[in-house]
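> Spelled out, the chains give:
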Amino acid sequence: MTDPAPTRTLVIEREMPHPPEKIWRALTEGQLIEEWLLKNDFQPVVGHRFSFRREPVGNWNGVIVCEVLVVELNSRLSYSWGAMGMETVVAWTLTPTEGGTRLRMEQSGFGPDREANYKGAKYGWKNFIDKLEHVVGGMV
Amino acid sequence: MQAVTNHVFRALADPTRRAIFEHLSRDGEQTVHALTCRAGVSQPAVSKHLGVLKRAKLVRHRHEGRETHYRAQPDALAPMVDWLDQYGAFWRERFDQLENLLNRMDK
Numbered sequence: 001m002t003d004p005a006p007t008r009t010l011v012i013e014r015e016m017p018h019p020p021e022k023i024w025r026a027l028t029e030g031q032l033i034e035e036w037l038l039k040n041d042f043q044p045v046v047g048h049r050f051s052f053r054r055e056p057v058g059n060w061n062g063v064i065v066c067e068v069l070v071v072e073l074n075s076r077l078s079y080s081w082g083a084m085g086m087e088t089v090v091a092w093t094l095t096p097t098e099g100g101t102r103l104r105m106e107q108s109g110f111g112p113d114r115e116a117n118y119k120g121a122k123y124g125w126k127n128f129i130d131k132l133e134h135v136v137g138g139m140v
Numbered sequence: 001m002q003a004v005t006n007h008v009f010r011a012l013a014d015p016t017r018r019a020i021f022e023h024l025s026r027d028g029e030q031t032v033h034a035l036t037c038r039a040g041v042s043q044p045a046v047s048k049h050l051g052v053l054k055r056a057k058l059v060r061h062r063h064e065g066r067e068t069h070y071r072a073q074p075d076a077l078a079p080m081v082d083w084l085d086q087y088g089a090f091w092r093e094r095f096d097q098l099e100n101l102l103n104r105m106d107k
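Protein chains in written order, with our numbering: chain A, 1 to 140; chain B, 1 to 107.
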């Protein structure tokens, strides 16, 4: 009755003049992660449950509940990202390039719920999806 | 603002509510009775779902005689769109910070 909806994904990709090994450290060592992302108790171990902490906003306590899903040294890292009633997945991919590394972050599962089979309605959802594509398109 | 976003996400997390909302968006105003016929659940259940959608401001209602008519308020999705914009901005900023950190890590 409903079409399987494509998963809405936020993608950011950047080429960085640093080797994958170094970026990997910044993505997987708790102290370093805190310097650029958020306070955390991350461990690079599949199945490890951890949290990121943001400043509380409104009735949200700022805690992002996560579980490590994929750890492939210097190349792939992924964790679930549960915040404000939404469960998404953040996946990092490091690809070596001539001058360094192409770093790609995909956050997927946006939508009312991850398993949603969705057939877009005429009005709001059209705008919603257009806007999402705009967001993704605007990223460098 | 945050509370409204939560209401919207929660309201649309349920497949039956999503179907009701889609139906109203697509086909315009409907009575509770008509919605019940389509939803495949009991009228009290439909009314309860409509209550949740109403709290999220996703639907509005009016009474006419003995019937209550509901219609979709797609503008209520705006907080969700804003939220995604914010997420995009969040990650772009974090990428900048990551690059700063990587530069500092250079010997």
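It is worth saying that the hints were derived from the structure and are not from the lab.
In this text, a Cβ means the ideal position worked out from N, Cα and C, and glycines have one as well.
Warning: the hint list may mix true and false statements.
[What the hints assert, rightly or not] Residues from chain B that keep clear of chain A, each with C-beta distances beyond 12 Å, as calculated:
{"id": "1", "residue": "34"}
{"id": "2", "residue": "42"}
{"id": "3", "residue": "44"}
{"id": "4", "residue": "48"}
{"id": "5", "residue": "51"}
{"id": "6", "residue": "54"}
{"id": "7", "residue": "66"}
{"id": "8", "residue": "68"}
{"id": "9", "residue": "94"}
{"id": "10", "residue": "102"}
{"id": "11", "residue": "103"}
[Said to hold, decoys possible] Some chain A residues near chain B, calculated using beta-carbon distances under 8 Å:
{"id": "12", "residue": "18"}
{"id": "13", "residue": "35"}
{"id": "14", "residue": "36"}
{"id": "15", "residue": "82"}
{"id": "16", "residue": "86"}
> Now, for every hint given, state plainly whether the structure supports it.
Status of each hint after checking the structure:
no., hint, verdict
1, 34, "holds, 17 Å"
2, 42, "holds, 20 Å"
3, 44, "holds, 23 Å"
4, 48, "holds, 18 Å"
5, 51, "holds, 17 Å"
6, 54, "holds, 16 Å"
7, 66, "holds, 28 Å"
8, 68, "holds, 21 Å"
9, 94, "violated, 5 Å"
10, 102, "violated, 5 Å"
11, 103, "violated, 8 Å"
12, 18, "holds, 5 Å"
13, 35, "holds, 5 Å"
14, 36, "holds, 4 Å"
15, 82, "violated, 12 Å"
16, 86, "holds, 6 Å"
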